[in-house]
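Chain residues, written in single-letter form:
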Amino acid sequence: MTEMKVAAEPGVPQILTEREFEAPRELLFRAFTEPDLLTQWLGPRQYTMKVDRFDLRDGGTYRYLHIGDDGTEHAFHGVFHGEATLDGIVQTFEYEGWAGHVSLDTVTFEERDGTTVVRTNSVFQSVEDRDGMVQSGMADGMTEGYDRLEELLNTTLKSRH
Amino acid sequence: MLAAEAELDRVFGALADPTRRAILTRLAEGEATVAQLTAPFTVSQPAISRHLKVLERAGLISRTRRATARLSHLEAEPLKEAVVWLAGYREYWEESYDRLDQLLVDLQRTETDRSPFPDPGSDPTGRSTS
Chain A
1 MTEMKVAAEP GVPQILTERE FEAPRELLFR AFTEPDLLTQ WLGPRQYTMK VDRFDLRDGG
61 TYRYLHIGDD GTEHAFHGVF HGEATLDGIV QTFEYEGWAG HVSLDTVTFE ERDGTTVVRT
121 NSVFQSVEDR DGMVQSGMAD GMTEGYDRLE ELLNTTLKSR H
Chain B
162 MLAAEAELDR VFGALADPTR RAILTRLAEG EATVAQLTAP FTVSQPAISR HLKVLERAGL
222 ISRTRRATAR LSHLEAEPLK EAVVWLAGYR EYWEESYDRL DQLLVDLQRT ETDRSPFPDP
282 GSDPTGRSTS
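The listed protein sequences correspond, in order, to chains A and B. Just so you know, the numbering used here puts 36 at position 36 of the first sequence, and the rest follows in order with no gaps. Quick note, the numbering used here runs 161 ahead of the 1-based positions in the second sequence.
Just so you know, these hints were derived from the structure itself, not from any lab. Treat the hints with care, since some could be wrong.
To be verified - If you anchor each label on the Cβ, the simulated ranges turn out as follows:
{"id": "1", "chain 1": "B", "residue 1": "F202", "chain 2": "A", "residue 2": "T33", "range": "26 to 36 angstroms"}
{"id": "2", "chain 1": "B", "residue 1": "F202", "chain 2": "A", "residue 2": "H81", "range": "38 to 48 angstroms"}
{"id": "3", "chain 1": "B", "residue 1": "T273", "chain 2": "A", "residue 2": "D52", "range": "40 to 50 angstroms"}
{"id": "4", "chain 1": "B", "residue 1": "T271", "chain 2": "A", "residue 2": "T72", "range": "48 to 58 angstroms"}
{"id": "5", "chain 1": "B", "residue 1": "Q206", "chain 2": "A", "residue 2": "L104", "range": "34 to 44 angstroms"}
{"id": "6", "chain 1": "A", "residue 1": "G100", "chain 2": "B", "residue 2": "P201", "range": "52 to 62 angstroms"}
{"id": "7", "chain 1": "B", "residue 1": "T271", "chain 2": "A", "residue 2": "D70", "range": "48 to 58 angstroms"}
{"id": "8", "chain 1": "B", "residue 1": "T194", "chain 2": "A", "residue 2": "G68", "range": "35 to 45 angstroms"}
For each residue, glycine too, the CB sits at the ideal point set by N, CA and C.
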């Protein structure tokens, strides 16, 4: 299993990820852009994904939901910018549970020797927004404040168990 | 917005500030008065009080009065909820991508099945692909 690389530099409102797949990039592009394929892989296994709308045109909008067994819904929406091609897809992204914190996401597909490297680049409105989205899930690039917060969370959560 | 989401929003907002995070770190060691919380900072006591109000509204701390002093305590529950969501980013993508691996295997198998050409290993023309 290949490992996903994640980079989030302190002080920069951006997250970069990289992951390799054993498939040609045409297939990766389809998996990212065809709703009936997207719903088969995006999101945690215990959630059912439902696509509300998915208009893959310049200025087209999308909205999808992850629905839990207990009916809990997490919805996300945004707008596609420019034409989505094998070279990349550009879109805005917003979690409706944290409205107003919008990121600009780019995904690219680079094929080499039959494998495809998928890279994502998410740019947030502020470092706080970025950290809000990634805190404690991220191995690298923690800010000092968040390092302290993580320690705090570890101690408080442990002490309450 | 659902009540739970509004609450989460307040928690995120409260955690976005470094001074408030430092206050929480201090409170993890035990309850403290406003004066005690102000000591390590260059900001004024009223400014710390405003930060405490934000933390209290987010449910991250509670405040009680003892004699003339007002004591702040850390409340762990909302933090837990925030962490459950926040910890998700890496996990979300790792799990999604693992599922995508499987889908790609399935898709490639289906494409091979549908192909009018058999796979190179059983090329009926006998030509070698190597």
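Requested in this report: Provide an ascending list of the numbers of those earlier hints which the structure does not satisfy.
Outcome: 1, 3, 4, 6, 7
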